[in-house]
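Visitor: Those protein sequences? They're chains G and H, same order as listed. Per numbering that gives the first Met the number 0, the very first residue in the first sequence carries number 0; after that it's consecutive. Per numbering that gives the first Met the number 0, the very first residue in the second sequence carries number 0; after that it's consecutive.
Derived from the structure by calculation, the hints contain no laboratory data. None of these values were measured; they are calculated from a predicted model. Note that CB positions come from ideal geometry on N, CA and C, so glycine has one too. There's no promise every hint is true.
Computed footprint of chain H on chain G, listed as stretches where at least three residues anywhere in the stretch have a Cβ under 8 Å from a Cβ of chain H [to be verified]: (1) 71–82; (2) 138–147; (3) 173–185.
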Amino acid sequence: MKEIKSALLMLILFTVICGGIYPAVVTGLAHVIFPRQTRGSFVTDTAGKVVGSALIGQPFSEPKYLWPRPSATTDFGYNPLASGGSNAGPTNPAYLKTVDERLQGLRTAGVTGPVAADLVQASASGLDPHISPQAASHQVGRIALERGLSEETVTHVIAAHTEDRQFGFIGAPRVNVLAINLELNTIKP
Amino acid sequence: MMNTYDWQQTLFFFAVLLLLVKPVGTFMAKVYQGERTFLSPFLGPCENLLYRICGVNKDEEMGWQRYAGSMLLFNLMGFAALFAILLLQHLLPLNPQGLQAFSWQLALNTAISFITNTNWQAYSGETAASYFTQMAGITVHNFVSAATGMAIVIALIRGFTRRKTSLIGNFWVDMSRGTLYILLPLALVAALVLVSQGVIQNFSPYRTVPLVQATSYDKAQLDVTGKPRLDVTGKPLTDKIIVNEVSVPMGPVASQEAIKELGTNGGGFFNANSAHPYENPTPLSHLLEILLILLIPAGLTYTFGIMVGNTRQGWTLLAVMLLLFVVSFVVLQWAETSGTPQLTQLGIMGGNMEGKEVRFGLAGTSLFEVATTGTSCGAVAAMHDSLTPIGGLVPLSLILLGEIVFGGVGSGLYTMLAFAIIAVFVSGLMIGRTPEYLGKKIEVREMWVSIITILSAGIVVLILSGIAMITPSAVSSMANPGAHGLSEALYAFASMANNNGSAFAGLNANVNFYNILGSLAMLIGRYVPAVAILAMAGSLAGKKYVPPSLGTLPTDKAPFALWLTLVILIVGALTFFPALALGPIVEHLTMLGGN
Numbered sequence: 000m001k002e003i004k005s006a007l008l009m010l011i012l013f014t015v016i017c018g019g020i021y022p023a024v025v026t027g028l029a030h031v032i033f034p035r036q037t038r039g040s041f042v043t044d045t046a047g048k049v050v051g052s053a054l055i056g057q058p059f060s061e062p063k064y065l066w067p068r069p070s071a072t073t074d075f076g077y078n079p080l081a082s083g084g085s086n087a088g089p090t091n092p093a094y095l096k097t098v099d100e101r102l103q104g105l106r107t108a109g110v111t112g113p114v115a116a117d118l119v120q121a122s123a124s125g126l127d128p129h130i131s132p133q134a135a136s137h138q139v140g141r142i143a144l145e146r147g148l149s150e151e152t153v154t155h156v157i158a159a160h161t162e163d164r165q166f167g168f169i170g171a172p173r174v175n176v177l178a179i180n181l182e183l184n185t186i187k188p
Numbered sequence: 000m001m002n003t004y005d006w007q008q009t010l011f012f013f014a015v016l017l018l019l020v021k022p023v024g025t026f027m028a029k030v031y032q033g034e035r036t037f038l039s040p041f042l043g044p045c046e047n048l049l050y051r052i053c054g055v056n057k058d059e060e061m062g063w064q065r066y067a068g069s070m071l072l073f074n075l076m077g078f079a080a081l082f083a084i085l086l087l088q089h090l091l092p093l094n095p096q097g098l099q100a101f102s103w104q105l106a107l108n109t110a111i112s113f114i115t116n117t118n119w120q121a122y123s124g125e126t127a128a129s130y131f132t133q134m135a136g137i138t139v140h141n142f143v144s145a146a147t148g149m150a151i152v153i154a155l156i157r158g159f160t161r162r163k164t165s166l167i168g169n170f171w172v173d174m175s176r177g178t179l180y181i182l183l184p185l186a187l188v189a190a191l192v193l194v195s196q197g198v199i200q201n202f203s204p205y206r207t208v209p210l211v212q213a214t215s216y217d218k219a220q221l222d223v224t225g226k227p228r229l230d231v232t233g234k235p236l237t238d239k240i241i242v243n244e245v246s247v248p249m250g251p252v253a254s255q256e257a258i259k260e261l262g263t264n265g266g267g268f269f270n271a272n273s274a275h276p277y278e279n280p281t282p283l284s285h286l287l288e289i290l291l292i293l294l295i296p297a298g299l300t301y302t303f304g305i306m307v308g309n310t311r312q313g314w315t316l317l318a319v320m321l322l323l324f325v326v327s328f329v330v331l332q333w334a335e336t337s338g339t340p341q342l343t344q345l346g347i348m349g350g351n352m353e354g355k356e357v358r359f360g361l362a363g364t365s366l367f368e369v370a371t372t373g374t375s376c377g378a379v380a381a382m383h384d385s386l387t388p389i390g391g392l393v394p395l396s397l398i399l400l401g402e403i404v405f406g407g408v409g410s411g412l413y414t415m416l417a418f419a420i421i422a423v424f425v426s427g428l429m430i431g432r433t434p435e436y437l438g439k440k441i442e443v444r445e446m447w448v449s450i451i452t453i454l455s456a457g458i459v460v461l462i463l464s465g466i467a468m469i470t471p472s473a474v475s476s477m478a479n480p481g482a483h484g485l486s487e488a489l490y491a492f493a494s495m496a497n498n499n500g501s502a503f504a505g506l507n508a509n510v511n512f513y514n515i516l517g518s519l520a521m522l523i524g525r526y527v528p529a530v531a532i533l534a535m536a537g538s539l540a541g542k543k544y545v546p547p548s549l550g551t552l553p554t555d556k557a558p559f560a561l562w563l564t565l566v567i568l569i570v571g572a573l574t575f576f577p578a579l580a581l582g583p584i585v586e587h588l589t590m591l592g593g594n
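Based on the provided sequences and hints, a complete structural model is requested.
Guide: Take a look at the structure:
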């Protein structure tokens with residue numbers, strides 16, 4: 000009986016400590032020290048209106064935009080309410096057909112030579128905000144043509160939003176798709 | 000396979016981990032032995048107040064039966080509380096999205112999943128769990144289920160060190176100290192570092208964000224009974240839906256993310272788990288999360304060494320873990336950078352990126368997936384279902400070996416110690432002497448416990464996967480055809496019975512078959528070994544000390560490490576090779592054959 004009382008009180012107290020006080024303390028400190036990150040790393044335009052998050056990818060399919068990775072989220076690609084991958088097995092025939100179709104789509108859009116895997120294979124989160132620098136370079140010619148910009152300008156914009164490995168050796172180099180498309184729109188819509 | 004940067008990152012990671020083993024291990028030994036630490040001035044009074052309120056006498060030790068009873072009672076009450084929270088979610092506060100209650104089957108599975116440190120999730124966090132559920136339910140159990148595992152291994156270590164006593168410690172004290180002194184401070188610091196990288200931490204409603212370019216999709220029309228409406232030719236009727244804005248989920252993510260990794264829990268705040276940019280936004284957050292997963296399991300080997308009075312005993316076990324880790328990492332990294340011939344011949348370069356994120360890189364991704372399945376964590380930064388066949392074999396094998404490659408907090412080390420006892424016993428048979436480990440005679444009771452600890456999960460996995468293969472509802476849940484489908488079901492029961500929680504997630508697990516049989520697998524996989532280990536702690540504590548003689552096998556030297564590795568691999572291969580041959584290995588061969 001004494002043990003039951005101890006167990007119950009322990010559970011209640013640890014619920015208060017770990018489920019109440021701890022998250023509240025983290026929230027309080029985080030809001031003071033890292034206000035932008037805490038709220039979701041949202042990006043605003045010059046008028047202060049939120050146009051997206053630096054961390055959450057958006058779907059782009061028009062030729063004038065830099066295209067992101069394929070996304071397997073339900074209903075539509077880059078649906079933030081349905082994060083997740085395709086979970087397609089590597090030898091699943093339906094999946095291999097889908098990848099081939101994406102590849103043919105890129106070929107039609109003028110991509111020649113070997114293609115970066117991340118541009119034809121869906122991400123784990125379905126919200127990957129990045130593509131590899133190779134995947135971006137495949138698209139420079141098309142974007143320049145569609146927007147009537149020089150390839151140098153497009154390459155320059157991409158380079159400005161390319162992040163190197165963190166501290167020079169952690170992770171992989173990556174290109175933020177939303178940031179580039181927002182900047183391209185300000186240069187020439 | 001690995002470029003210079005990948006090597007630098009991998010070596011840097013191991014250097015940091017190994018440098019932390021001694022300080023963290025020493026600190027944990029002090030905490031569990033009741034010595035003063037730098038946190039005592041602040042936490043000591045809190046700890047004493049906690050005991051006073053709960054009516055716990057911290058100087059009163061328990062025999063193994065009472066220790067196990069307290070542990071089970073505490074877990075049972077935790078289950079009841081979490082089950083109730085999930086069923087009553089719609090009535091509770093902090094639910095800005097107005098999310099509905101869980102079905103009882105899903106609530107049963109989820110509550111058992113979190114009390115057993117499994118964190119198998121047959122639901123998607125962003126559309127199913129309110130902030131209250133995530134904090135007062137899930138985060139709490141991320142702490143206390145981890146502290147429970149740590150308490151059990153500490154009790155076992157006391158069994159080795161004590162002589163002729165029936166007492167192995169006080170469960171309430173061990174569980175409270177683990178949570179207050181070890182888990183909470185580390186989680187607090189880690190959570191803030193994660194926020195600095197972009198992990199969110201707020202209680203806001205989901206945020207509506209306009210899309211730069213609108214998108215659209217075809218939504219199936221449903222009739223009044225909820226079935227799709229068909230046109231005259233039998234094709235489903237659809238409406239074109241234009242999407243101009245999306246809803247971005249929010250929540251107190253960082254506080255949960257930190258303890259989710261540190262306690263080797265692994266339950267994601269969001270469906271995509273640690274692949275979600277709000278859970279794991281940068282390469283640095285990624286490396287930190289891997290470090291958090293391995294920190295306590297690695298440190299506990301040193302704690303063990305200190306408590307048994309010979310730190311080389313701990314380093315020997317750590318060496319075995321490290322060896323298995325490195326081999327697993329190399330195989331996974333090789334498989335994923337090689338990709339599949341089907342895509343390579345189309346002109347696709349860069350390895351297998353399906354179900355992976357660009358920012359982590361392939362080497363970083365492989366490191367995470369080995370860490371999460373070598374322990375009982377089960378958080379994922381890549382979708383295991385989409386790994387290449389041999390790539391997928393690696394996490395599956397690590398889980399089936401019993402999660403001893405660093406292992407779950409507490410559970411990994413006690414499973415490893417069970418393997419060590421078997422290794423000592425088998426070598427004892429070969430040289431014809433009475434086996435001893437750490438000065439204690441290994442007898443029938445210890446052998447029974449070790450075998451139960453090692454085989455109970457495996458037996459459950461094989462029986463339940465077998466049943467799945469002949470159950471239509473279980474088969475129709477598979478997302479991929481052929482051998483890969485078998486891998487999905489095998490992985491599901493391996494993950495649940497070994498309290499991992501990761502998945503070949505194409506499998507639709509939210510059906511009664513997996514919810515209910517999976518709950519059974521999680522309960523057996525957690526509590527049968529836990530109680531058996533506590534029984535062994537009691538029996539070991541009662542034995543007298545046998546000083547090492549010429550015939551004693553030294554268990555703190557390299558030959559024992561190699562022998563232990565072999566025993567682990569032989570037990571694993573004998574138990575699981577047939578099942579693995581039918582799943583990933585067949586798939587690998589058909590892939591090479593071009594089918």
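Visitor: Which numbered hints turn out to be false for this structure?
Guide: Hint 2 contradicted; others consistent.
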